[in-house]
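Based on these hints, arrange chain B on the given structure of chain A.
Going down the list, the protein sequences come from chains A and B. For the first sequence, the numbering used here begins at 1 and goes up steadily by one. For the second sequence, the numbering used here begins at 1001 and goes up steadily by one.
The hints are simulated quantities; they were obtained by calculation from the structure and are not laboratory data. A hint or two may mislead.
[Stated by the list, open to error] 20 Å max Cα-Cα, derived DMTMM-like pairs, lysine to aspartate or glutamate:
#	chain 1	residue 1	chain 2	residue 2
1	A	K167	B	E1068
2	A	K137	B	E1177
3	A	K137	B	D1107
4	A	K167	B	E1177
5	A	K7	B	D1058
6	A	K44	A	E54
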Amino acid sequence: MTASEEKDSQWIECVIRIREQADQAAFAALFRHFAPRVKAFLMKGGADEALAEECTQEVMATLWHKAHLFDPARASVATWVFTIARNRRIDALRRQRRPEPEDLPWGPEPEPDQAEIMGLQQDTERLGEALAQLPEKQRSLIERAYFGELSHSEIAAETGLPLGTIKSRIRLALDRLRHAMN
Amino acid sequence: MDKITHHLDDRLLMAYAAGTLPEGFNLVVATHISLCDECRARLGEFEAVGGQVLERGDTVALADTSLEQTLARISGDAPAGDDRNTMPQRSSVFPAPLRDYVGGDADAVHWRAVGGGVRQAILPTSNAATVRLLHIPAGAAVPDHGHRGTELTLVLQGAFRDEEDRFARGDIEIADEEVQHTPVAEAGEDCICLAATDAPLRFRALIPRLAQPFLRI
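One chain only, chain A, in its complex shape (with noise of 0.2 Å):
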């Protein structure tokens, strides 16, 4: 198990820890990893700071009490985290609603498949690898899309580079992820 591999399953042991045992030390650790990158993340998507540091104490106030709902074979914890984040800069910066998909008919298992999780975070911590290895400009776009608020053609007036090469950019680097994945 590489170093990542073994951080992500500690911070899978701390949700369980929170949703079994209220277990605040466990909560603590999560707060202290994932708090600042939702701050950060946040402020890039337009938030001031002081909108930005009660909106992050929202959203892991959410992950203590959505604890039960967490699926360590169907997502990581920074993916859940970040959707979490997400939904909290679509409701308080864009004012918006965010429709979700229907749920499946089946939740979480109560004891969730083994080689499951362990197949999904070695997943993780290649994609988090092949995204480190991405040429710096098309990583940066990737990043962009994610952090930002900016949709292609508004990249495109701010940066100055042309809608075609900012779409070919994105593609080749969707591309590599997935060649990274296979």
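Chain B in isolation, oriented as in the chain A frame:
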């Protein structure tokens, strides 16, 4: 159900995962994913990219008492119930996200006639995009139109054909400025679609163009 053959593209899935689409587009995407396991799995991949962008991204220090404030917030909040989206009702025409906007299934829609037997209902969303339900009688055509922006059309009942292809329940058509088409509902069953645009449609014929401001098409 027929197999879904027309899916969301990477651009839409990534923007939905990133949370940067207008609300009207989000509704069409969420409704398609409710019907399409393949796009649901691809969405999971795009959300995982978001997770890694967050994991590897910058950090900003929290206020000194932030953790204590958050713990106080947690103990002050009411315990969260299981708020997963309403359990699927496989017999319904509309998946859960669309039922939330309509306030019920297909029989709850307040339709308005827009000519040619076609009826529509505009759903309330933010202004950045307009989203509507269209009810097209079996065999009838939707007025010939082009697009200034992007138009997403998701079939919920029946099927339609245009010059290019056939679209049945769950299929999504993604039309941009180059597309000038005349969708026609297939004979047999009335067609119900959910359609979103980020710019007004452009009708070729004179009368629909005059009617445009009144119909909000």
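Structure-based check of all given hints:
Restraint check for K167 of chain A and E1068 of chain B: the C-alpha separation of about 44 Å exceeds 20 Å, so the hint is violated. A threshold of 20 Å between alpha carbons decides the hint, and for K137 of chain A with E1177 of chain B the separation of about 28 Å lies outside it, so the pair is violated. For the hint linking K137 of chain A to D1107 of chain B, the alpha-carbon distance of about 50 Å lies beyond 20 Å, and the restraint is violated. Only pairs whose Cα atoms come within 20 Å are accepted, and K167 of chain A paired with E1177 of chain B is accepted, the gap being roughly 16 Å.
About 18 Å separates the Cα atoms of K7 of chain A and D1058 of chain B, which keeps this hinted pair within 20 Å; it holds. For the hint pairing K44 of chain A with E54 of chain A, the CA-to-CA distance comes to about 15 Å; that is within 20 Å, so the pair holds.
In summary, the structure is inconsistent with hints 1, 2, 3 from the numbered list given earlier, while agreeing with the others.
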